Each structure stands twice: as structure tokens, then as C-alpha cells.
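K.L.:
Chains as they are written, first to last, in my numbering: chain G, 1 to 328; chain E, 1 to 247; chain H, 1 to 310.
Don't read these hints as lab results, they were simulated from the structure.
In this text, all values refer to a predicted model and were calculated from it rather than measured experimentally.
Yeah, the Cβ is synthetic: ideal placement off N, Cα and C, and Gly gets one too.
Mixed in with the good hints, there may be bad ones.
[As the list claims (entries may be wrong)] Here are a few chain E residues that face chain G, going by a calculated C-beta distance under 10 Å:
#, residue
1, 71
2, 75
3, 76
4, 82
5, 89
6, 90
7, 92
8, 95
9, 103
10, 150
11, 151
12, 153
13, 184
14, 186
15, 187
[As the list claims (entries may be wrong)] Simulated DEER-style distance windows between Cβ atoms:
#, chain 1, residue 1, chain 2, residue 2, range
16, H, 119, E, 226, 42 to 48 Å
17, H, 133, G, 260, 35 to 41 Å
18, G, 65, H, 232, 32 to 38 Å
19, G, 67, H, 65, 24 to 30 Å
20, H, 133, E, 70, 38 to 44 Å
[Unchecked claim] Not close to chain E: a few residues of chain G, all C-beta gaps over 12 Å, as computed:
#, residue
21, 18
22, 80
23, 118
24, 119
25, 124
26, 264
27, 319
Below, each chain spelled out in residue letters.
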Amino acid sequence: MPDLRSPIRIIARRDAREALRDRFLLVAISALSLAALVSLVTGAIALKGDAATYAAARATLLALGKDAAAIAAPEFWPLKLLRGTLEQIEIMGAVIALIAGYRAAVAERGRQTLALILTRPVRHWQFLAAKLAGGLMLSAMTLAVVFALTALVLNGISGVPLTLSDLGRLVLTWAAGTLYLTGIYTLGFALALWLRSSVSGLVYAFALWLVVVLVAPQIGDTMDPDNQVAGGVFASLQIPKAEQDRIKAGFAGYETFRNGIEVASVTKHFERLTFALLGIKDSYTGKPLSVIWADKKGDALFLLLFTAALGGLVLMRRINPDQLTQET
Amino acid sequence: MTTTTPAIVTRDLTKSYGAATILHPLTITIPRGEVFGFLGHNGAGKTTTIRLLTTLLAPSAGQASVAGHDLATDPMALRAAIGYLPENVRLYDRFTTQENLVFFGRLSGLSDVEDRVADTLAFLGIEALADRRVGTFSKGMRQRVGLAQAILHRPELLFLDEPTSGLDPMGVRLLREIVARLHASGMTIFMNTHLLSEVALTCTSIGVLAQGRLVYHDRMEAVTAKYGDERALEDLYLGVGLSEVTA
Amino acid sequence: MTPASIVAAQSLAALLRERTVLLIAGIFTAMVLVSAWMGWSATATVNGIYADAVIYLQSIGQPVPANPLGQTSALGVLRNLTVYVSLIGTFAAIVTGQRLIEADRRAGVLPLIAARPPARMTYVAGKMQALALATAALVTLAAVISGLTLVLLPAIAVTAGEWLRLGGFFLLSWAYVTLFGMVALGAAARIPATAGGLLAATILWLAVTFVLPALTGNVNPTAAINPISALVATPETPVFTILGTVLGPVSLSEAYAYLAAGLMGYLPAGLVPRGVVPPFLSLIVLVAAALVFALRSGLALDPNAGGPDA
Numbered sequence: 001m002p003d004l005r006s007p008i009r010i011i012a013r014r015d016a017r018e019a020l021r022d023r024f025l026l027v028a029i030s031a032l033s034l035a036a037l038v039s040l041v042t043g044a045i046a047l048k049g050d051a052a053t054y055a056a057a058r059a060t061l062l063a064l065g066k067d068a069a070a071i072a073a074p075e076f077w078p079l080k081l082l083r084g085t086l087e088q089i090e091i092m093g094a095v096i097a098l099i100a101g102y103r104a105a106v107a108e109r110g111r112q113t114l115a116l117i118l119t120r121p122v123r124h125w126q127f128l129a130a131k132l133a134g135g136l137m138l139s140a141m142t143l144a145v146v147f148a149l150t151a152l153v154l155n156g157i158s159g160v161p162l163t164l165s166d167l168g169r170l171v172l173t174w175a176a177g178t179l180y181l182t183g184i185y186t187l188g189f190a191l192a193l194w195l196r197s198s199v200s201g202l203v204y205a206f207a208l209w210l211v212v213v214l215v216a217p218q219i220g221d222t223m224d225p226d227n228q229v230a231g232g233v234f235a236s237l238q239i240p241k242a243e244q245d246r247i248k249a250g251f252a253g254y255e256t257f258r259n260g261i262e263v264a265s266v267t268k269h270f271e272r273l274t275f276a277l278l279g280i281k282d283s284y285t286g287k288p289l290s291v292i293w294a295d296k297k298g299d300a301l302f303l304l305l306f307t308a309a310l311g312g313l314v315l316m317r318r319i320n321p322d323q324l325t326q327e328t
Numbered sequence: 001m002t003t004t005t006p007a008i009v010t011r012d013l014t015k016s017y018g019a020a021t022i023l024h025p026l027t028i029t030i031p032r033g034e035v036f037g038f039l040g041h042n043g044a045g046k047t048t049t050i051r052l053l054t055t056l057l058a059p060s061a062g063q064a065s066v067a068g069h070d071l072a073t074d075p076m077a078l079r080a081a082i083g084y085l086p087e088n089v090r091l092y093d094r095f096t097t098q099e100n101l102v103f104f105g106r107l108s109g110l111s112d113v114e115d116r117v118a119d120t121l122a123f124l125g126i127e128a129l130a131d132r133r134v135g136t137f138s139k140g141m142r143q144r145v146g147l148a149q150a151i152l153h154r155p156e157l158l159f160l161d162e163p164t165s166g167l168d169p170m171g172v173r174l175l176r177e178i179v180a181r182l183h184a185s186g187m188t189i190f191m192n193t194h195l196l197s198e199v200a201l202t203c204t205s206i207g208v209l210a211q212g213r214l215v216y217h218d219r220m221e222a223v224t225a226k227y228g229d230e231r232a233l234e235d236l237y238l239g240v241g242l243s244e245v246t247a
Numbered sequence: 001m002t003p004a005s006i007v008a009a010q011s012l013a014a015l016l017r018e019r020t021v022l023l024i025a026g027i028f029t030a031m032v033l034v035s036a037w038m039g040w041s042a043t044a045t046v047n048g049i050y051a052d053a054v055i056y057l058q059s060i061g062q063p064v065p066a067n068p069l070g071q072t073s074a075l076g077v078l079r080n081l082t083v084y085v086s087l088i089g090t091f092a093a094i095v096t097g098q099r100l101i102e103a104d105r106r107a108g109v110l111p112l113i114a115a116r117p118p119a120r121m122t123y124v125a126g127k128m129q130a131l132a133l134a135t136a137a138l139v140t141l142a143a144v145i146s147g148l149t150l151v152l153l154p155a156i157a158v159t160a161g162e163w164l165r166l167g168g169f170f171l172l173s174w175a176y177v178t179l180f181g182m183v184a185l186g187a188a189a190r191i192p193a194t195a196g197g198l199l200a201a202t203i204l205w206l207a208v209t210f211v212l213p214a215l216t217g218n219v220n221p222t223a224a225i226n227p228i229s230a231l232v233a234t235p236e237t238p239v240f241t242i243l244g245t246v247l248g249p250v251s252l253s254e255a256y257a258y259l260a261a262g263l264m265g266y267l268p269a270g271l272v273p274r275g276v277v278p279p280f281l282s283l284i285v286l287v288a289a290a291l292v293f294a295l296r297s298g299l300a301l302d303p304n305a306g307g308p309d310a
């Protein structure tokens, strides 16, 4: 019985060498790390500014002999600073993953190497599995560097070492990110492979990215009634929380629709899961993982199914060498 | 499989895309040890035939056996027995000749791949190209590295799709010599071409395809006896082609 | 017809046959419609919330503030349009700019054109004209849909001044998307690799949209594409003051968002733009720079590089 893993390993190894040689991996890691660190550092600087403003206000109040409890101290949760980093992974990371998927397809298309591979004792699914494995490795490696760097910088900024629980949450976020980026990579790969021309595939992938990654979550956000007025509609009307909930209940249909658009996007599921894991969403700040998991396992499952289903589709669809060996 | 099995046997092998039939039912037997020249105009269906016989395309109907292996039921063994050089081959630009060949050799399941690469480069006289990146090569150099990947695993049957396309006269002569040496070593060669001079000089038998139909198939001696020189062969090729086109 | 307009006419005819370009234009049109509906729907919901809040505030004897939405312009219902222009409109322009050069290169006609009498300048001018006309057609389509929406939506009264401002917004949007299209055209001329121009222009656009706002004003990526959340004051720390001053003039998406919000009447009162250079001036200078880049790159285009066999 021949070793079925062997061709997968051989093709994946060649792809990895090419990624190292043409510096794509380096560029991908640098670009995403830079974007992530920019968001982290600017967030930290803004928080520091808030803290300084609070300290000054507190000092003024105390000097006037007043009670400083009247103003809320800005809370400091180091992992919350990763909001911008996660959003960069959501958006910029997704673009890098799409391009990587596109490159994995064009590395073979139109240059006859696909024909050379497929006329050897290699099954179609093995070739495809090798390409998907390459995407998984690329996503995992890139995010490992990004999270390692951000964790280091976070340690430096906060002055407080990250706890074991913090690190555990980071590892879970890394795993979720790897799954998310692998799914997007698979999308880019599949479209560049399936469509008549690989560049059309890239353009279609970008169009899908716009709709799935940017527009759908953005629609949910901009349709939020509280986002229609700067500062929030309820805040501007000074309505207490309990009354807000009662009024909102009257618009349940609108809210369901808004939420429906959001959850159609894999990006929103990634965001909901990771924002809860890292306590970026206030209602999950400081909550134990068991509570978060109970609430967010649906998002984790969606993420897993999205990537697995796309991967499955790619593996099952037979390659059409007649189309792929000649670039149009 | 025994060595007496023909290299290629097809029965009513057909390829259609919707209503358009690219290859009409093809029935042909090519014995082992032949250099078979497959002649035809552009668009006659020659490349489609090669793609069917190399498992790159699934036939719409009919059967075929290549190197003793059935196309439909035993594609993996078939692939292990063949070598293929597509027209306008392009390899991995950023990799050297050596790296490209090691990759394809491993995919063919070679365990002594480094030795085989060295032997093949020596056989083709391109040892000097071993450590150079393929992206810097001329068409002729790329074609020879492409040929190297096709014969690296010593296939029983070699498919060449328009191997002389775009080569200069020196390149054409070199390729002719290589094909002759491979033939002498016992390899069966299936070659698509529209260069009549090549067929006359290289092939032991020919088939002519026009508009997806096999309109002529015979051994080269019979062709020469019947039509005499190359010019007569040209008349046959063009006449067959034209009558089909105008039919 | 001048030689440049021959090139432009041929290029536009080719674009109309490109399924990819038409698909992106189709998505853009659909999103313009969606944004009009979203604006109307969200506005109706906030008005409903306000009506409920009035009943509540009156029941507890509190003073009733004015409807916060009533204080904004009728054009505010189209505020999502600014997002779709800067996302999908820009992307459509990038794809168009890249295809205008790359389609010729892939077809192998660049050497055929270069071997004819018209100067290279004529070819580039024709391509730039074609791009400007294609983006103008796209923006005009959006303008017509938006105008019809405003006329047809109940309970919205648009004044003559607002119509003028809407016209100004579309002119601004045309300049903004064309700028990125020109960058893609120039990049495609300089980079012979198949998708090189597309990728280079897209990466620049991503950096401008998602990285610069983080640097100048701590605006996170998702906030950067929200018409309201993007309009925040620069945090009052020395770092952001410096970054805002240095990078503000090139933070193009923020300049566009600021100007668009001003024209559409939902710019928060008292919000100052990033940096010291007025956004309008930034935009004009950067549009001019993009035109120069496209022109110079077009003149440097190597008709022999790339091509169908590459």
C-alpha cells in the first residue's frame, strides 16, 4: 500500500520552500505584525492619555476638597488593548490570506506544472490537501509571530506580566485566528483555481471579502440605532438602562434582521468569539473561560464548520486540468 | 502486464463538451517500441487525445488502456508508467533545474532521486544547467529540462505534445537525436506534431487526425512506399485535412 | 476622433465586455440601493425610539429633548453611501484601472500599439480618459439611484441647497475613487506580473483605510468604515498630535470621510480635521499626485515585458 501522505508532504514542502524563497511569508508576517502593533500601540497610548486625564481631574477634585469617586477611573485590562490587533487580523489578515490562497493556485496554473503533477501517481485530492495544508501552516505561523510580538509588547506596555490564564486565552485566540484565516485562504485558493482565469478569481475573492468581511458586519454595526447619533441615541436622550431595554424590545424585528445580516458573516463569528475570549466585550471582561465557552461555542462551531466545509468542497471538486493548464 | 501488451489500445474513445465533439470515437492500437507521430491541423484534437491518454481529462465515452493499465480503473498505475512533456512547458521559475527535477522525481515515487537526476542530466547533456534557476532559461533550455522531468523515472511510454514548437533548428535537431536514443533504449513514444519533416525523420508509424477523426493510420514504411518522399506525405496530410475541412 | 479618444473608446468598449468589471459595478449599484434602504430604515427606527422615549420622559415629568436626528440634514439617510463609495467604489476603480493596462498586456497588443505612429503619451492619455469616464459612469449611477431614493422616500424633504451638496458629494466621491484607479493604472503599467498592479494598489488602499486612521486618531479598523464612528476627535496626547500633524495630510480616507460628512450634513459640530492641512487641499494635491504617477508610469510602460506567454 503506497504512503498516501507522501505526495502531500512533498508538495507542501516545495510550497513552503517557495514561500520562504520569494519572501512572501516574510512580507505577510511583517505586514500583519506592523498593522497589529500599530493598533496595539496607538490603543495603549490613547489609554495612557485617558489615565492622565483621569489623574489630573482627580487631583483637581481632591484639591478642591471634593469626592473623587464622582468620576470613573479608566479600567485597565491588558488583553482589551488587543481589540485593534484582532480587527487588523479580521480585515488585513483576511486580505493576506486571500492573496496567499490565490498565489497557491497560480503557482501551478497556466505554467503546466499542474499537468506534470497530475500525470504522476498523485491523486487530485492529495494535491489539493497539500495546498490546504500549506494555507493552514502559513496562517498558523503568521499568527504565531503576530501574537508572540503583541504579547511581548503588551507585557512591556502594561508593566504587569501576563498571567497563565491570559496566555491561555491568547493561545485560544491564535487557534481561532488560524481557523479563520485558513478558511479565507481556502476561499482565495478555490476561486483562483475554479474560475476561468485566476485573476478573475482574485477579483471575485476580493469582492466576496468586501461583502463578507467588511460590509456584512458593518451593516449590522451601522444599523445599530445607537450608532445613528454621535454619542448614542439613548445617551443623548438620557434614558436609563432598564427603560432602554423596554424600548428596544419594541423593535425586536429590526434587531433580529440586523443580527441576521451580522451572523451571516464568518468575520462576525470570529470577532464575537475572540472579543469574548480576551474580554474585549465588556460583558465578558474577567469572566472565566467556562462561562465564555458556554455562550460562544456556537461562534466557534460556525468558524470550524465554515473552514471545514470550504476545505471539503475544495477536496471533493475534481480539478479540471483542461482549463487549468492553459491560462486565459 | 506482459511486454507483449500494446503500448496504447483505445476503443471508441470520445471527448465532447456539450454538443461539440472534440474527439470522435477513436479506435487505435499502437504496439510497444514505436515512435508514433500524431499529425493534424491546429485544433484537430491532438492535445485532447494526449490529455485523455495521460488521465488529465476524463473521456465522455469509450475505453483505453495505456501501458497495459486501464484508463478508468487503474489511473494511478497508468501514471506511474508514463512520462509527459506538455507544449510550452513552464516549470517553477524560482527553483533550479536540480530542485525542479528532485520534486517531480519524488512525486513519481523515486527513492534514488538524486542519482536519477544526475543520470538524466548527463543523458541529455545539460549537467551545466543543474544549479541554475529555471526562470532565467531560454525556451530551448526549458524544453530540455521539461524533457528531463518526463524521462526521469524511466517511463515505458513517453507523451510529447508538439515538442519542437518554438525551437530553433539546432534545438529541433537535438530533440530528434534524443528521441532516437530513447527509442533505441526501448521506450515507446507518442508525439503530437504538425511538422512533417519531423515525422519523416523520427517516426516509425503515423496517424492523421482531422476535425477530431482519425483519418489515416499506418506504419512509416507503408507511408513511404505508398507516397514516396516527404512532399507526397505533405499532400496526404494537407489533402486529408482540407477535404475534411471542406466536407 | 483624436488618437487618444480612439484608445479611450476602445478601452471602454473592452471594459463593458469584462464580466469581472461589470460584476463589481453591479455589487456597487446594489450596495447603493441597500445603503439608501438602510439609512431610511435606521432613521425610521430611531424616530420610533424617540417617540417611545418622549412618552416615557413625559410620564416621569422630565423635559423632552429635541429629536437628535431632526437636527441633521435630510441627506443623512444616505450616510452609508460614504462607506460603500470608499470600499466598493474604490475597489471597482482599482480593478478598472488595472484591467485597462493588463488586458492589453495579456492580449499581447502592447507591442502592436507601440509599433504604431501615436506617441506613448497618446496611449496613456487615452487610458486615463477611459478610467475617468468609467468611474464617472459608476458615480453617476450611484447619484441617480440616490436622487430617486430621496425623491421617493416618504417624509424626506430635500432643499435646493441639499441637492447641491449631494452633487458636491458625488463630485468628491468621483475624485476619490478615480485617484485609486489612477494608482492601479500606474502600478499595472510599472509591474508586468499578472496581478501585480491590482495587488499593489489594493495594499496601498488598505493601508490608507485601515492603518493610517489608527495612527492619526486611534481609529480601529471597524470604526474606520463606520460613517459615524470614524468621525472622532484626535486623542489629546502628544503622540497623536504629532502623528496627526505628520500623517493627517496623507490620511486620505479620513479626509474623504470628513468632507463627505460635511457635505451630507452629519459632521459632528466642532470636529476638527486631522493635522493642519485642510482635507480639501490634501485631496486635491493627492489627486494631482496620482494623475502624475499614472502618467509617468504609463510613459515608462515596457510593451515587451509580461504578455500572454509570461
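K.L.:
If a hint holds in the structure, say so; if it does not, say that too.
P.N.:
Hints versus structure:
1. 71: Because about 12 Å separates residue 71 (chain E) from the closest Cβ in chain G, which is outside the 10 Å limit, the hint is violated.
2. 75: Holds - the Cβ of residue 75 (chain E) comes within 10 Å of chain G, reaching about 9 Å at its closest.
3. 76: 5 Å, holds
4. 82: 7 Å, holds
5. 89: Holds - the Cβ of residue 89 (chain E) comes within 10 Å of chain G, reaching about 5 Å at its closest.
6. 90: 3 Å, holds
7. 92: 6 Å, holds
8. 95: Check passed: Cβ of residue 95 (chain E) comes within 7 Å of chain G, closer than 10 Å.
9. 103: 5 Å, holds
10. 150: 8 Å, holds
11. 151: Constraint on residue 151 (chain E) not satisfied, violated at 13 Å.
12. 153: 8 Å, holds
13. 184: 24 Å, violated
14. 186: 21 Å, violated
15. 187: 16 Å, violated
16. H:119 <-> E:226: 42 to 48 Å: Check failed, 60 Å falls outside 42 to 48 Å.
17. H:133 <-> G:260: 35 to 41 Å: Given range 35 to 41 Å: holds, Cβ gap about 39 Å.
18. G:65 <-> H:232: 32 to 38 Å: Holds - the Cβ-Cβ distance for residue 65 (chain G) and residue 232 (chain H), about 34 Å, lies within 32 to 38 Å.
19. G:67 <-> H:65: 24 to 30 Å: Hint holds: Cβ distance 28 Å, inside 24 to 30 Å.
20. H:133 <-> E:70: 38 to 44 Å: 59 Å, violated
21. 18: Violated, since 6 Å does not exceed 12 Å.
22. 80: 43 Å, holds
23. 118: Per Cβ check, residue 118 (chain G) is inside 12 Å of chain E; nearest 6 Å; violated.
24. 119: 4 Å, violated
25. 124: 10 Å, violated
26. 264: 35 Å, holds
27. 319: For residue 319 (chain G), whose nearest Cβ neighbour in chain E is about 9 Å away, the distance does not exceed 12 Å, so it is violated.
The structure shown violates the earlier hints numbered 1, 11, 13, 14, 15, 16, 20, 21, 23, 24, 25 and 27.
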